[in-house]
Amino acid sequence: MPKIKYIDEKGTEREADVPTGWSVMEGAVKNLIPGIDADCGGACACATCHVYVDPAWLEKLPPKQDMEETMLDFAPDVQPNSRLSCQITVTPELDGLVVRTPKTQH
Amino acid sequence: MLAPLLEMLFRTIMSQRIVIIGAGQAGAQAVTSLRAEGFAGAIAMIGDEPFAPYQRPPLSKAYLMGTLERARLFLKPETFYREANCELILGVSVRVIDRKARTVALTDGRTLSYDMLLLATGTRVRRIKCPGADLAGIHYLRSIEDVDGLHAVFQPGKRLAIVGGGYIGLEVAAVAAKHGLDVMVFEAMDRVMARAVSKPVSDFFEQAHRTAGVKLMLNTGVEAFEGASHLEAVRASGAAYPADIALVGIGVVPNMDLAKDADLACEDGIVVDQNCATADPAIFAAGDCTWHVGREGVPLRLESVQNAIDQAKHAAYAMLGKPKIYSEVPWFWSDQYDLKLQIAGLARSSDQIVVRGDPGTRKFAVFHLRDAAVVAVEAVNAASEYLVGRKLIVAGARVAPERLADVSIPMKSIA
Chain A
-3 MPKIKYIDEK GTEREADVPT GWSVMEGAVK NLIPGIDADC GGACACATCH
47 VYVDPAWLEK LPPKQDMEET MLDFAPDVQP NSRLSCQITV TPELDGLVVR
97 TPKTQH
Chain B
143 MLAPLLEMLF RTIMSQRIVI IGAGQAGAQA VTSLRAEGFA GAIAMIGDEP
193 FAPYQRPPLS KAYLMGTLER ARLFLKPETF YREANCELIL GVSVRVIDRK
243 ARTVALTDGR TLSYDMLLLA TGTRVRRIKC PGADLAGIHY LRSIEDVDGL
293 HAVFQPGKRL AIVGGGYIGL EVAAVAAKHG LDVMVFEAMD RVMARAVSKP
343 VSDFFEQAHR TAGVKLMLNT GVEAFEGASH LEAVRASGAA YPADIALVGI
393 GVVPNMDLAK DADLACEDGI VVDQNCATAD PAIFAAGDCT WHVGREGVPL
443 RLESVQNAID QAKHAAYAML GKPKIYSEVP WFWSDQYDLK LQIAGLARSS
493 DQIVVRGDPG TRKFAVFHLR DAAVVAVEAV NAASEYLVGR KLIVAGARVA
543 PERLADVSIP MKSIA
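Residue numbers (our numbering), protein chains in the order written: chain A, -3 to 102; chain B, 143 to 557.
Because the hints were derived from the structure by calculation, they are not lab data. Do not take every clue at face value.
Unchecked claim - Example chain B residues on the side facing chain A (calculated, C-beta under 10 Å, incomplete):
#, residue
1, 159
2, 197
3, 200
4, 211
5, 217
6, 473
7, 523
8, 526
9, 528
10, 532
11, 551
To be verified - The following label-pair restraints were derived from C-beta to C-beta distances:
#, chain 1, residue 1, chain 2, residue 2, range
12, B, 467, A, 56, 28 to 38 Å
13, B, 548, A, 89, 12 to 22 Å
14, B, 441, A, 56, 45 to 55 Å
15, B, 536, A, 74, 30 to 40 Å
16, B, 268, A, 74, 35 to 45 Å
17, A, 74, B, 512, 29 to 39 Å
18, A, 74, B, 253, 45 to 55 Å
19, B, 227, A, 8, 19 to 29 Å
20, A, 92, B, 409, 50 to 60 Å
21, B, 219, A, 73, 24 to 34 Å
22, B, 554, A, 51, 20 to 30 Å
23, B, 179, A, 74, 27 to 37 Å
Note that the Cβ used here is the ideal one computed from N, Cα and C, for glycine as well.
All chains, full assembly: derive it from the sequences and hints.
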């Protein structure tokens, strides 16, 4: 099962096994990793699952769809490596992916 | 003098027990918030379904489609409840609340005492009352078990009659049409989702469903279901429409019998104040079951994830002695085909509507204004309009209608 590493704003690292086909957001929520709210449960409706993707991994991710792009546009503290973690589907190629969670989701 | 007093208070709080009736979105959020806010006593959560709290919105979408397996519906992993020291009592209902004794009696024979009680009882489906309503083949959609039952008969070529053109009916229609079923929707009103959205949005979704091959019958109330033992036809406006399966989606009713029996005030929901408190200082309520005062000062009941989450948070604050006024902007969403409908605010009080964008492009928004201030936005595949709209509503901002309508002005510069 692919391992995803979540690093919070204080630098604490947490690793989780996330089944292929699940989203990076679900990997966090189902493993009680703090820093991702995901109020809407992954419907790309709330923009509370914002993460910063480790630059080394950016290229390996599927590109953002319009909806994600726009939702992110309005999230706090957006960076070029910002993504909505509900829109990143875990694949075997993403084994080892590193994401950082922001200070706030609201 | 202060230290012993604090210690006593601390011990009291440590030894308290909060009982949550209802294991849904609001119940799960309450557990999270109570712990996050420092509650150290015992928590017990009682749910009448055999499942830990799960998300309902995907039931009529990805779960019905079969693209989301059951394990992904659960809001929290099982370890969460253990680590939060929350006793989950599932497959059990509460028979009665004894406010004097501060106990709840359960259907499994147990009696639990509480120091504080949260009613997060949600809603149940409204059952249709007409001849043939008990025939086999007539389904409702509210729970995992409902969808599993529907799944078994959800096969390409089957004739599906949907009663009610609201969110549930139309989301199921979209999934069914994609899945190759022959879909009819019967709606008693003159437009779809009439209770939830404005006319331009209704008209747009009506067209989208017709384009997808759904037979949509407006102003058509269902009079009876016909068949020997299993559904064979739906009778509506005097005609019989052959059908293999029916799905009834005509709304929900709040679960408030326990509250009523305990002499707590109820309207179309359990009456709470702006802190999610009932008139009994030990009893609070949150989510779909509450009749509460919204940010516009008008009492109402909301059926939404947002309201469940935010009211549960506010109930937790109030239970722990740090109440905050609940005045969040409501938000809702629906997915049908490739269309994402996102709504913020309540349109019912508006005196002017502004359409931004051309519905023909499958991307547009309807803004609702009152006294020139934005009170609601309905956005179809238009996340900027939705997000900026939400900000404008929170700010109570006045915006010139012609600016909202002008798609050459980016939403970002209107914010």
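For each hint, the structure was consulted:
{"no.": "1", "hint": "159", "result": "violated, 23 Å"}
{"no.": "2", "hint": "197", "result": "holds, 4 Å"}
{"no.": "3", "hint": "200", "result": "holds, 7 Å"}
{"no.": "4", "hint": "211", "result": "holds, 9 Å"}
{"no.": "5", "hint": "217", "result": "holds, 8 Å"}
{"no.": "6", "hint": "473", "result": "holds, 8 Å"}
{"no.": "7", "hint": "523", "result": "holds, 7 Å"}
{"no.": "8", "hint": "526", "result": "holds, 5 Å"}
{"no.": "9", "hint": "528", "result": "holds, 9 Å"}
{"no.": "10", "hint": "532", "result": "holds, 9 Å"}
{"no.": "11", "hint": "551", "result": "violated, 16 Å"}
{"no.": "12", "hint": "B:467 <-> A:56: 28 to 38 Å", "result": "violated, 46 Å"}
{"no.": "13", "hint": "B:548 <-> A:89: 12 to 22 Å", "result": "violated, 44 Å"}
{"no.": "14", "hint": "B:441 <-> A:56: 45 to 55 Å", "result": "holds, 51 Å"}
{"no.": "15", "hint": "B:536 <-> A:74: 30 to 40 Å", "result": "violated, 19 Å"}
{"no.": "16", "hint": "B:268 <-> A:74: 35 to 45 Å", "result": "holds, 43 Å"}
{"no.": "17", "hint": "A:74 <-> B:512: 29 to 39 Å", "result": "holds, 32 Å"}
{"no.": "18", "hint": "A:74 <-> B:253: 45 to 55 Å", "result": "holds, 52 Å"}
{"no.": "19", "hint": "B:227 <-> A:8: 19 to 29 Å", "result": "holds, 23 Å"}
{"no.": "20", "hint": "A:92 <-> B:409: 50 to 60 Å", "result": "holds, 54 Å"}
{"no.": "21", "hint": "B:219 <-> A:73: 24 to 34 Å", "result": "holds, 28 Å"}
{"no.": "22", "hint": "B:554 <-> A:51: 20 to 30 Å", "result": "holds, 26 Å"}
{"no.": "23", "hint": "B:179 <-> A:74: 27 to 37 Å", "result": "holds, 29 Å"}
Against the hints set out earlier in the document, violations occur for numbers 1, 11, 12, 13, 15.
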